[in-house]
Every structure is written in C-alpha cells, then in structure tokens.
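A.B. asks: Now for the letters of each chain:
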Amino acid sequence: MRPGLLFAEPPAPAPHAEQVAADLGLPAVIDAMADGEELIAETARAVLLSVPPSPEQVARRQGVLTDFLNEPDFARELYDVAERAHQAERDAGRTVFVDTPEALLKKSVTALTAFVQLLRELRRVTERYRPRVSSAGVTQFCTLVGEQFDEAYLESATACLDRLVVRGDLLVSARLGAAFVMREPHRQARSLFRRGGRTNQPSATYKVPAGDEGGHRALGSLRDQALAGLAEDTILAARQVLAFFTALRAESAFYRGCLNLRRALRERGATVVLPVVREGTSGEFNARGLYDPGLQLRLDHPAAANDLDAGSATLIMVTGANRGGKSTFLRSLGLAQLMAAAGMFVAATTFTAPARSGVFTHFAQDEDTTRTSGKFDEELRRMSRIADAVAPHALLLLNESFQSTNEREGSDIARHILDAMTGAGVTVVFVTHLHALADGCFADRDRFPAVFLRADRDRSFQLREAPPEASSHGADLWKQRIR
Amino acid sequence: MSDSGLFAPPARTAPEPDYFADLQLDQLVDAVVAGRERPDLVPAFRVRLTDGPTIRQRQEVVADLADPRLRAALRTFCDDRARCTRQFERADRTRHRPRARRTRLAAVVSYVQVINDVTDALANAAPASTGLRDWLTWLEAYRAGPDFAELAREATALRAELDEIHYTLAISGAEVTAAPFAGQDDLSAAVRATFDRFRADDVEPYRFELRAGIEMEQMDDAVLDLVVQLAPDVFDRVGRFLDAHPTVEPAVIAEVERELQFVLAWLDFIAPLQAAGLPFTRPELGQDGRLEALGTFDVLLAHSLVAAGQQPATNDAVLGDGERMLVITGPNQGGKTTFARTVGQLYHLAALGLPVPGRAVTLHAPDAILTHFERGDRAGDLTSRLEDEVERVAGLLTRVGPRSVVVLNEMFSSTTWVDARTMNTDVLRAVLDADATAVCVTFIDELSRLDPRIVSLVADRDFRVVRARADGEAHAVALAARYGLTRGQLRTRIEAHA
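Top line first, the protein sequences correspond to chains A and B. Remember, the numbering used here sits 1 above the position in the first sequence when you count from 1. Remember, the numbering used here sits 273 above the position in the second sequence when you count from 1.
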C-alpha cells in the first residue's frame, strides 16, 4: 500500500544524475526547497533525479501540488503524523536491549500498537481536509485512508496485537524437520502444561534437571526457536506499516519543499508557473520568461529571462559572446525540464515541453579548454557513457563540448553526434564556439530543422534568434590581443 | 555398459604436464574447477587422450550435453547425488539412534529419487551417444529390478508416516511436553492476515540466525525421544528397514557422476562466453599436421574480458597444404603471445574430447605438446639465463617428431639480435626437418621468410587503424569510432534503448 501522492512505484534513479545535478546547479534549488531540513532535500533530490514519469503522472502531481498550495497546513500535518510514527519506532527500540525473538517480538508489538493509534489520527486529519481538496491524487489518498483504516479494522488490529503478548508458557506445533508454529493454547486445555493432565491424549514430558546449566540454556534456545517465526512475521508487519509512513513522510516532504521554493522565489520578486507537459512525440517546446532559479536565488534583482520557440525542431544551437548568458540559458532550460517532470512549477512565465525520457548534460569540465589529447579522450569517454543510457525523446544539453581538440576535428565529431542524436529523436541544445559546426548546421537547416540563438555582448544576458557569427571567440581574443 | 562409466575414465591422479604453465593451462584449469571441491577434477583436465576413437567417444557424450534439457537433468543428478552422499555420511556420524535413523531414511529416500529422476530424464532426452545410451539401459534394468523397487516402496512409505506425525510442544518452566496436535490457532497466520494490507515487496523481512550451542543437540534429541514415545511403532519399523539395507548404491553410479562433473565443469565454464556470442565447436580430428582453426581465441582471457563486459579478438590459425609452421611478428602488446598460447591450448583441449574455442576447428591429436616461453622472472644473470634457455630448447628438439606440436615464444631474446637470429633459424629448421606442427612468436621478421613451409602472420591491431587513417578517415573520427560515437554506431546505441 502506497500513499500515491507522488509515486506509483518507487522511483528509479536517472542515469548520470550526479553529473546532471552538478552541471545544472541543482543543489541551489534543492537547498531552497529543503530550507534546512535534510529529509526534504533527500526526497527532492530523489524525485528531481529519477527517471521521468509519464505526462499523466506529471499532471497528477501538479494536481496534488495545487491542493497543497491551497492547503499548506495539510501537507505539514501529514508530514507530522508520519514523522511521529518514526519517533514511535525509535521509542519502541529503546525498550529492548537484546535481539532475541522474545525481545524483538515485544518491541514490534509496542511499535505496532503506536502505529495503530497514528493511523487513527491520520484518518481524522484526512477527514478534516477532505472537503477542501479536489485533485485526483489527494482525494484518492483520503479515500484510501478512510477505507483501509476504518474503526473496525483498527480495533481488530489491536485485538490481534493483544494476543501476541507472551506470558511465560509457550505452545508450538511442529512436524519432524519443519519449523515451529506458535499456537494460542486452548483455554480449557491449560492442563496440558501440567504433567498427566485430565485429557485422554497421550503425552510425554521431558524435564530439564535442576542443576543442568547446559540444559537450561538449551531450553532458552528452544524458546527462541519457538518464537522466531512469530517474531519474524510481526517484525515484518511493523516494518511494512512503517514503510507506509516512510513513504507518506517522503511524499509530503516533497510538496513541503515545493512550497518552500515558491516562497523563496516570490520573496525575490520572481514568478513561477505550472508547465504544460505533453506526450514525448508532441513536438512542442516553447518558453516565455525562462530564468535560472538557482541564479535567481543568489540575486535580489530579477535574473535575465529568455524566450524559446523551438516548435518541433530537435536541435537548438546557441552561439555568441562569452559571458553573454549562454550557460545560464542552458541551465534554466535543463532545470525547467527536470522540475516539470517532477510535477513542480518551473521558473518561467510559460513553459510547454514534451515529456522526456531523460535529461543529460555534457559540459566542458572547466573554462580552460586547452588542447590536450587526454582531455579530448575524457570528453569522448563521457559522451560514450551518456550514449550507454540515452534514449529517444531525451534532452541532451552540451556546453562547449569537443573544444579540447582543433576546431575541424571537434566539429566533425560533434556533427556525428548531433546527427545521430537528433536522428534518433533526441532533442539537443548545444552551446558552442565551434564555428564550422554551427555554420554547417545553419547551412543544412532546411533538411535538419534547427533553431539558432545568439548571445550578444550587450550585457543584457539575453539570447535572440540569429544565425551563427564567424569566430566570435577568436575575434574577441584577437581584439583583446591587439588592444 | 559394464561398470566402467560413460567413456575413457578421466584420470584420478596425474602430474602437471611440462607445457601447462607456458600455455597458462594451469590457470585455466584452476578457473574451471574453482568452487568444485568434490570430486578433484584437476587430474582429469591434465591428461590428454591420444587416439581418435577414445576422443570421439567423449565428444559424442559432450555433444549430447549440448541439449540444455539433458544438461540440466544431468547437472541435477550430480548435485542431488552429492547431497545424498553427504546425507549418508551425516547419518553415519550421528550417535543418537532415532536421529541417525531419521537421517539415513531420508538419505535412502533421496537416493531413490535421484535414480528415478535421472532415469526418467535420460529416457526422455533420448541421448545419441553410445556412452549415455548404454548407461540408460543399465539404469532402466537396475530400476526395474526387484531389489530397487522394494527399497523404493518401503522407504517412501516409512518417510511419509514420519512426516504425518503432527505434534505440539508445550514449554512451561523446565518442562517440555509433547502431545498430538489438537487444532490450536496459528498466531503467525493471524498477524499476517491482519497486516496483509500493508504488504510491500520492497520491505526486507527479518530473519533470525539462531545459533544454538552444543547443548541444543541434546535438547533436540530429547524432543525427538518424546516424539518417539508418541509414535513408537513407526520408529521400530524404520529401524528394521534400515538394518535390512546396510548399503544401497552400486559403485558405477559414483564413477558416472565424476565423468559428468568433468564435462559439466568445462561446459559451465564456457557457457558465459557462449552467451556473449563467442563460438565453441567440436573439433574435427584430421590427419597429422592439418590445422584449420577459424575464429578462435584464448579461453582464459575471454573469460575475464566477458566478465568485465568486453569481447576478445578472435583469430584464424590455418596451415594449408605444405605449410607446417606459423611465424607471428608485430608490435608489442599486439596479442602475439596470446595467439600462440591459444593455438597450443587448442591441441590440449581438443585432446580432452571437449568443445574448443572457434567457429570451426580441425587438427590432429598430437603425441606431444612442446613449448618454450621466455620467462623473465627466472632467477640468475643474463648469461646463466641464456645457458638455461639453450639447455631447455636443445632438450625440446630431441623430443620433437612428426606428430608433435611445438609452440615457441620469443626465443633467445636475452642475447644479441644477430645471435638470436642465427640460433632461432637453427631451431626453426630443426623443427621443420622433424615435420612437426609449430607456432613461433618472434621479433625477428626474417624468420617468417625462412622457408616456404612457413606462414607469416602479423599482429596488427594498431597498424590496421593506421592504414585506415591513410584511407582518408580523419583521426578524430577514428577516435570517435573507438568510443562507439560515429553517426551509425551512436544511432544504433540510442535506438537500442527505445
């Protein structure tokens, strides 16, 4: 049983997630979501860096988020109940000091008893908020809690737990060579415990002699064996109920993180919007007022924003001046795509994108692009690792890739990669100074539709649609040199 | 079939052949038998068969085992019989009489099952080899015989009676009381039913690892004694049955198991390589000196490469009419030594009657495999190393004959180049004169042009790339190809994830 506010299934980590997070500056966004709570950070990281869900799942999360934006205390209360279950589990752990079946059975019964009470509280919380929510995700959650944890069930659970309290004598059944099964003694058959009881059934008794220490230790081991199966089942039950609370805590933590991030961005005068996420084949990729939330969180004035009208083009070439806002644009696009897939709002005034199979980054590892064969090898190796994972409908962001060799070779290789990627249905955004490459793509734009953005040296940090300009990088350097 | 098993019995003891270390067959055999304690298969892998009919007899049985169902059935037979043997041994070691009898009865039941299973499986699979067909005939006769049928019936019935005993134990203070089970409620089932709605497959169950002390054995025996008291006559009948059958297994069954273990060890070892697309084949035994090995490779190297997700290069080793010797030259690290070793290994493995690496392999069963590999780690100064080498090569030449296979690797590299050329030339001529089949790795190019019976091979892993570059393929694109990033390669990779 899962709360279903966030995941249909536990998320699978996206390939190369660490690299993508570092290249896009995701930690700044996650820090703002966490607002000091490590658990939120952990969940946010897991959600943002998991294999993207379907557009239906994204829409479902957007609905849940909208409900929690309207009822922020609801998310908080769900989180608190789930957190108290974990506290109860830790408290129960403090009552036992050995890990014998008898001790762990007792611990699990204590924890489960507390869980049953918390499930009751959870039901009451959902009953209170139910009239004020409307999304499929949240209403289904309320219904689940109402149906699964009704009073009759909770009372039957309490009754079951009461029968598990061990009071000295044990009764097990067995066959030769098979494990023991704990049984509840018949009340009228209590005399079984006394030798030669009233029953007509045959019985045989072994009594450990009084001074036999080994025999008494063996008796203890026999009790352990008798209780082990029941203890294992009860421990598993406690773990499974706790897993439900763990999932609820993580899922509510994620939405609390979204609320934190929106507040932080709004305090800096920035707006956010719920994106439109279509099927992967939809071919609509547009944005207005797209900015880098990571950058915005460090500024107290509005960060530069860009527009994009890629339509169904699967190649976006970004050229132009250094320090003209190209990398920032790349990050804002990547972050928007990750946040959109997570079901979050994005840092833009409008954003429409297809659901991606994944987001991949290949960034030059530092500003210094000296030509050494080792570096070029490293770039190719990194690209090959991406190729191990990338699938059609992925988004690949390249930042000054393949500039560690000469321009001709770098352009040749990059062209192979662009052609293969776009041909296989991957959308590529390429920030580059490789003029031969950009120029070649521009010449072929009729056969291979592409969008060309250029950064200018006007300090606006905004990109505009324009054909690539010859050797901006070299010209800049040359000008500096002759000045 | 007599009592001799499926084919020429694999050796039980044998010294390591001289060429084993040079060809790394010692490492290969260690890797093949790794994790198989019993029986000791190392000697079986050391001794070559030298005549065609006995090799073919083994090859036939191995060919039968290509059928995955039959192979699985015989593997099950080997595993089950080993388990059954351990059960008998455990029973013999147990002093508590009711416990020893229970264990031994279980062992007899397992034995009956092992015989039934292997007979049925073999009958079903209809093997083609004489070895397995004869064994099936023997098994069917044995199983149909009155002794086995009676043993099976009685053991199974008694075992079922013991399993029927359902009892309770009440533990109260220092007393343990056994009584027949009377339908009391199962508390575990109640817990599972109550919390079933929380079931989650990704939650780890907890398992106690109860380590009972030595004193527990006594308690278990005491409990078993209580159960005996609840059902005394069943245990009496078990005792009488076991006393009437002190031994159950004919000796031939253990021999067949060992033979199968030998073949299965090899088939299991090569299975991951086959799964990775590397071919293995049943070698044809040709006339002396005939060699045609297509797409072959070093099994041990392939094993570690495949484990790391890589593929070895495959090569052809062919001697046509009038050709007797392969001379391999080329850059260092080009795979020359590996190639020579591979050819040497082929002759040994083929003579064990096992499938060998390659798409198609024809060769002869040699009377001797003679190898000389320069060993850098050998102690002593250069002079004494050279003396030692001369001594060993001279010794090798006295044993070489027309049915021999000779593998020479970088002879006399510690002397001057001119001396090395002269000495190598003499050795190669002697080998050619003896009409042996030979493979020679050398850094001296001239040796490849010494004689028309010599075939020149060049290990050219990197040269091939260089020639391709001269064809106009850009260096960078060649580099991209190495990473699987050319247009075509990359597109295929991406679409594989669709």
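By construction, these hints were calculated from the structure, which means they are not laboratory data. Everything numeric in this text was worked out from a predicted model, so none of it was measured. There may be inaccurate statements among the hints.
What the hints assert, rightly or not - Computed beta-carbon distance windows for the label pairs:
#	chain 1	residue 1	chain 2	residue 2	range
1	A	Val274	B	Gly761	40 to 48 Å
2	B	Gly418	A	Ala104	56 to 64 Å
3	B	Ala473	A	Asn287	55 to 63 Å
4	B	Gln584	A	Gln149	51 to 59 Å
5	A	Gly178	B	Ala524	25 to 33 Å
6	A	Gly215	B	Thr327	55 to 63 Å
Unchecked claim - Take a look, some chain B residues computed to stay more than 12 Å from chain A by CB distance:
#	residue
7	Ala294
8	Pro316
9	Glu482
10	Glu596
Glycine is no exception: its CB is placed at the ideal position from the N, C-alpha and C atoms.
A.B. asks: If a hint holds in the structure, say so; if it does not, say that too.
C.D. replies: Structure-based check of all given hints:
no.: 1; hint: A:Val274 to B:Gly761: 40 to 48 Å; verdict: holds, 41 Å
no.: 2; hint: B:Gly418 to A:Ala104: 56 to 64 Å; verdict: holds, 57 Å
no.: 3; hint: B:Ala473 to A:Asn287: 55 to 63 Å; verdict: violated, 41 Å
no.: 4; hint: B:Gln584 to A:Gln149: 51 to 59 Å; verdict: holds, 53 Å
no.: 5; hint: A:Gly178 to B:Ala524: 25 to 33 Å; verdict: holds, 30 Å
no.: 6; hint: A:Gly215 to B:Thr327: 55 to 63 Å; verdict: holds, 60 Å
no.: 7; hint: Ala294; verdict: holds, 37 Å
no.: 8; hint: Pro316; verdict: holds, 38 Å
no.: 9; hint: Glu482; verdict: violated, 10 Å
no.: 10; hint: Glu596; verdict: holds, 42 Å
Hint compliance for this structure: hints 3, 9 are not met, and every other hint is.
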